[in-house]
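Each chain, letter by letter, is given below.
There are 4 protein chains.
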Amino acid sequence: MKALAAVLEKFNEPLAFREFGVQPLAEGEVLVKLAAAGVCGSDVHMWRGKDPRTPLPMILGHEGVGTVADTGGEKRDLLGRVLKPGDTVMWERGVMCGRCYYCVVRKQPSLCPHRRTYGISFSCAEPPHLRGCYAEYLHVKAGAPFIRIDDGIDPAVLVAASCSGATAAHAIEVSRIRPGDAVLVVGPGPVGLFCLAFALKAGASRVYVSGTPADASRLEMARAFGAAGTINVGEMNADQRKHYLLDVTGGFGPNVVLDCTGSVRALEENIALVAPGGTYAIPGIAEPRERFPIDLFAWIARKSVALRGVWVSDTDHLWQAVQLVLSRQFPFERLITHTFPLADAMQGLAAVEKCEAVKAILKP
Amino acid sequence: MKALAAVLEKFNEPLAFREFGVQPLAEGEVLVKLAAAGVCGSDVHMWRGKDPRTPLPMILGHEGVGTVADTGGEKRDLLGRVLKPGDTVMWERGVMCGRCYYCVVRKQPSLCPHRRTYGISFSCAEPPHLRGCYAEYLHVKAGAPFIRIDDGIDPAVLVAASCSGATAAHAIEVSRIRPGDAVLVVGPGPVGLFCLAFALKAGASRVYVSGTPADASRLEMARAFGAAGTINVGEMNADQRKHYLLDVTGGFGPNVVLDCTGSVRALEENIALVAPGGTYAIPGIAEPRERFPIDLFAWIARKSVALRGVWVSDTDHLWQAVQLVLSRQFPFERLITHTFPLADAMQGLAAVEKCEAVKAILKP
Amino acid sequence: MKALAAVLEKFNEPLAFREFGVQPLAEGEVLVKLAAAGVCGSDVHMWRGKDPRTPLPMILGHEGVGTVADTGGEKRDLLGRVLKPGDTVMWERGVMCGRCYYCVVRKQPSLCPHRRTYGISFSCAEPPHLRGCYAEYLHVKAGAPFIRIDDGIDPAVLVAASCSGATAAHAIEVSRIRPGDAVLVVGPGPVGLFCLAFALKAGASRVYVSGTPADASRLEMARAFGAAGTINVGEMNADQRKHYLLDVTGGFGPNVVLDCTGSVRALEENIALVAPGGTYAIPGIAEPRERFPIDLFAWIARKSVALRGVWVSDTDHLWQAVQLVLSRQFPFERLITHTFPLADAMQGLAAVEKCEAVKAILKP
Amino acid sequence: MKALAAVLEKFNEPLAFREFGVQPLAEGEVLVKLAAAGVCGSDVHMWRGKDPRTPLPMILGHEGVGTVADTGGEKRDLLGRVLKPGDTVMWERGVMCGRCYYCVVRKQPSLCPHRRTYGISFSCAEPPHLRGCYAEYLHVKAGAPFIRIDDGIDPAVLVAASCSGATAAHAIEVSRIRPGDAVLVVGPGPVGLFCLAFALKAGASRVYVSGTPADASRLEMARAFGAAGTINVGEMNADQRKHYLLDVTGGFGPNVVLDCTGSVRALEENIALVAPGGTYAIPGIAEPRERFPIDLFAWIARKSVALRGVWVSDTDHLWQAVQLVLSRQFPFERLITHTFPLADAMQGLAAVEKCEAVKAILKP
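Sequences listed follow chains V, P, D and R, in order. Counting in this note's numbering, the first sequence runs from 29 upward without gaps. Counting in this note's numbering, the second sequence runs from 29 upward without gaps. Counting in this note's numbering, the third sequence runs from 29 upward without gaps. Counting in this note's numbering, the fourth sequence runs from 29 upward without gaps.
Please note: incorrect hints may appear among the correct ones.
Each pair may be met inside one copy or between any two copies, as identical chains are not told apart.
Straight-line Cα separation of at most 27 Å, DSSO-like style, residue types lysine-lysine; simulated pairs [claimed, not checked]:
1) K112 - K135
2) K270 - K135
3) K112 - K38
4) K169 - K270
5) K382 - K30
6) K30 - K391
7) K169 - K135
8) K270 - K78
9) K78 - K30
10) K30 - K135
11) K382 - K61
12) K61 - K30
13) K391 - K135
14) K135 - K38
15) K270 - K30
16) K61 - K78
17) K270 - K391
18) K38 - K382
19) K78 - K382
20) K112 - K30
Don't read these hints as lab results, they were simulated from the structure. As the structure is a prediction and not an experimental result, all values here were calculated from the model.
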């Protein structure tokens, strides 16, 4: 059997379409026929050659939903159900060792030093080649946790749960939202919109979302998700934004800020507004940048504030994101603004790079 | 100034309507003009003489919303805003000491050994008489936390937050719901419906609600609040109920059960169904009963389950309940099935005793 | 290569000494040369035939410390260090699946439905035979977490950490001890003494330990571990015990009770003494018993108490127990009251059955 | 009755000794006869005029232990025991409002916007004058929580618990130490030594302490408290320190760093060493400083680290610190390196300013 894949062979050049021979499955491995793959901002980043560890040639794509094509022996999902060909499934995108200090003592496998990711860490030069989702098939390693999706939902709607949603779940886990809290989400991209939904599910009574003028339609989407208010930084100056946020929070500021922008400028403006005892979480900082000057006394010490890093996610977070989408409590189908056939993967990368797409989907 | 109140003078006999002279306010005290009072199941219980500590004569009513009539000196709400006559307010129904081990070390003022409650612990024989909500005015002690309600909401809709809602918030706090969990609420009364809403806000992906045939309309209300499914114990036998709950939870059972019935029979059936690692919380057990035989090994030990008591609530829980109602994410106005003028308080007690009302409101 | 093992072939009859051929190691497997094995109360229980699931013939022994004899390929410990022959090691006694809901979503692998245990769940009839610690060698499955012990400590001192210590760590995890709390440990066996030490390390300011007259020397050991006081139930009657505990806790009772006895009689006496807001944890209930009548109102509801089950443990708990012993802050060497050569395993079972031993060690 | 006090009238000039008339006690107030007062680093800071809010003239001293001289009516301690003249007592040094959002909803009274502190926030110009501990008597406001000390301990040994100890308890509360963790305390002053002891009580298996050459005797004290190792930055260069800390922590770095120095230089060196998933807490940053450049990606985001502010403390923390000292598990008496009569208060300030004293005590 052969499988087509879009291969990143040279940075900044069009992906090449190659056929690979599907390899036999070892015990516990699963061959997934991809139904939908997601284009993530970090895919663009890798394609641009900004991540020096990218193992060329490789197949991009760490977000995906598919159906079981075959299994190496009996394979069960998280709930103990035997997987059969045709079952719709999702899987943990990270490959962890399962026996190190972070996997089994701290139970934070997202910090496993051996963690690798489909669509990011594997070259397609060696068998079994198919280790990314920009392809017809994905060859999943033994030991990977699977979630069988019984719901008849469009697989594309679940795609963002596999990375953005899981990362947002992780951000919420560390941000200590208490019932009744006011929350600010900065940056209404896929992670930000998942953070908004999760914050409401974590007990926040009101969630505010801020974005740039280019985010106007995303801010409208945020309101459809249940945002109590939105801030377009093109329509309010910094002083107005500050007064708005203090006004709606009884003068204290938001209890929790989820900064999903990756921009230090956002941090400077917003960390000063966190309510005493609150949290500033940064799921959006995903690549090295220059140092940023922090006012330790006023922002952190005097207010007993926590500045929290959030690095990727684990299967607990994936489970939460999938349950959230399946609960139908939020219109996640609206995230899918662009859908392309796999053959047009370059258009998907372009739509994400230009921030035209919230979530662009590739269909093999 | 005079204030009319419905006074419990003799158990099982109609409340007497008496006028009391409003006393001058000491520093920090507040005179509240009641807009709406709630009839709680425990009011019936006290009226029936089942609580031997009831200090006759007394004014019932621990649930209420009102407006500020006057303050003893400057008085501020929780957010530091000066209270002015006419402001709509809620207040902590419990009077705690604020300086004991439970108030300041454990920060669980619901366990303060000196805790007393308006409408429960105070006789009206001594001044200032007006210590219950079945009255035109309530005389609130100095030091009580107040929440000013700016929202133009019908005060009656907030009444249940002051006791049922706060108690439900406390139950949720101890029940360790995790994002994505399946939850079962047993008993769709006011506490149960608040538990349902809070469970969804605590991250539950699906909440199931069970009730008796007499609860049929409450179960429908539960679906309007977002229950994923309801169980009418008159329509399914115990075995069917068990299989239904195992079926919708991947065979594990609900992660958390919130037993809002006060019935040990509910416990026997449902604690056996809690998923391993889960919690069985009993906000509904509010009066002494005979001992109940527990299978410590199968129900608790072998599954690492927590059986959790929940006793009343504190201002944190009140705040959460008020924020929940104000968020407009759930149709709490539907709880108010009966409204009576204060003069018909006996009809309110009857409607609650016969379980006709979900929440009966008295309007002075 | 051949390995000698003590085999349970028939309940209540002497263990038989058999030789097994050591099987070749598959990738990731480890052959451990046992330095010391522990005799646990449940070994006696299995030998007596009280656990119907016991897979005869089998090699008992789930507690052990040893050295690496060989590895199947490169194998690393928790901290990423390559294991070499001669390294002193401990390993997770439970074999979990690593990909189910309890392993990867709830991160409570102690509740993995596929969990099996060396020395408990495996027959020695099939290869690789050596799945229990009453033997010269243990054949450990691939994927097991290992802890390398660099400290020159006597391996026998670490043995109890592998089961009693890990279970105690789990009990402490769920018992919510707060800094400054008063704690009562009931039953000064190995689990109880580990609970005492862990409670002090969890912030308890004072830990009291109660036992029977037969526990007199164990109570003295408890004082050497740092108990603030001990109660010999043969020397104080129930009323005296109650008054003693109320007296040393400002009238509230202990905040946390760790019941390590397995006796429902201990529960009846002590759960009534838990301070409001406290926890009653039962690591000691490890086998089915008849139901026990609980006063839900007085013991649980009115005091917001948690009754907590504790089932076995996972690698996090093992790590904690090992670190505790290695910290040298408590005299764990005193637990080893009896040491026998493997050939005298029956004497070890007898010493534990008669409660003569705190911890009996077998040396192959 | 008259009471002598050392009064700060002019910055940088000797304290003046003045007599004040003791005022009558209102209901709930307590007059404390001071047995011992502590000289805190912030006293020096205020005396130097570096805190512009200092309300001259004023009586310094927020740390103290004393005996009850008189009470306004019946007054009880935390445990409900009636206070009588002669009882040894401690009290909450902060005066909170008890009814605001931070006091009753978040239960973080250390963040109460109305918080004032004896010895810091009160002028002695107005009655009752005696609001600081550099005096014979302290006039404590109604509503203050009291702890009666029955133990015959030297009151001076408890003095540091009232500020340094309570602040350290707060730092530990937010630092998420897990059982078995490795912890680094930077700066072995009174807060640092309390952090060391509390970290061991919070489950840390090993605590390392670093200090400057001037801290040599404090580092020795740290070893007497149970530090697993100490680092004298005068004896090891930055690279050696880094390798030492990585070496003793399996290459991960300390799980938690408690920075008790107030020095941004310490932060730069040590935050880079925090293990993934760990916490960097800064109880030592207590005054405004210039901004400090942070590597958000490498230090915080990539490692899921929390940078945690810690501001003062509340009565829960005071209780913990008192229980810790009374447990006699650590040699807190060694903290008292200098004792002066109140008349020599200036010598106390000098000993602290020059860092000669760990804790200097004034005896009225």
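Results for each hint:
Proximity of K112 and K135 under a CA criterion of 27 Å is satisfied inter-copy only: 26 Å between copies versus 30 Å inside one chain copy. Taking the shortest Cα distances, K270 and K135 sit within 27 Å of each other only across copies (26 Å), while inside one copy they are farther apart (39 Å). In this assembly of identical chains, K112 and K38 lie within 27 Å of each other by CA distance neither inside one copy nor across copies; the values are 37 Å within and 42 Å between. For the homomeric pair K169 and K270, neither the shortest alpha-carbon distance inside one copy (49 Å) nor that between copies (37 Å) is at most 27 Å.
In the homo-oligomer, the alpha carbons of K382 and K30 never lie at most 27 Å apart, since the shortest distance is 33 Å inside one protomer and 68 Å across protomers. In the homo-oligomer, the alpha carbons of K30 and K391 lie at most 27 Å apart inside one protomer (17 Å), although the nearest pairing across protomers, at 58 Å, exceeds that limit. In the homo-oligomer, the alpha carbons of K169 and K135 lie at most 27 Å apart both inside one protomer (21 Å) and across protomers (21 Å), since each shortest distance falls under that limit. Proximity of K270 to K78 under the C-alpha cut-off of 27 Å is found in neither arrangement, the shortest distances being 35 Å within a copy and 30 Å between copies.
In the homo-oligomer, the alpha carbons of K78 and K30 never lie at most 27 Å apart, since the shortest distance is 31 Å inside one protomer and 57 Å across protomers. For the identical chains of this complex, K30 and K135 are neighbours neither inside a copy (38 Å) nor across copies (38 Å), given an alpha-carbon limit of 27 Å. In the homo-oligomer, the alpha carbons of K382 and K61 never lie at most 27 Å apart, since the shortest distance is 29 Å inside one protomer and 59 Å across protomers. In this assembly of identical chains, the alpha carbons of K61 and K30 lie at most 27 Å apart only when taken from the same copy (12 Å versus 48 Å across copies).
Taking the shortest alpha-carbon separations for K391 and K135, neither the intra-copy value of 35 Å nor the inter-copy value of 34 Å comes in at or below 27 Å. Taking the shortest Cα distances, K135 and K38 never come within 27 Å of each other, neither inside one copy (37 Å) nor across copies (40 Å). With identical chains, the CA atoms of K270 and K30 are never at most 27 Å apart, being 57 Å at best within one copy and 47 Å at best between copies. Proximity of K61 and K78 under a CA criterion of 27 Å is satisfied in neither setting, with 30 Å inside one chain copy and 50 Å between copies.
In this assembly of identical chains, the alpha carbons of K270 and K391 never lie at most 27 Å apart, being 43 Å within a copy and 41 Å across copies at closest. When the C-alpha separation of K38 and K382 is checked against a cutoff of 27 Å, the pair qualifies only within one copy, where the shortest distance is 21 Å, while the shortest distance between copies is 63 Å. When the C-alpha separation of K78 and K382 is checked against a cutoff of 27 Å, the pair qualifies only within one copy, where the shortest distance is 17 Å, while the shortest distance between copies is 52 Å. For a Cα distance limit of 27 Å, the shortest separation of K112 from K30 inside one copy, 21 Å, qualifies, whereas the shortest one across copies, 43 Å, does not.
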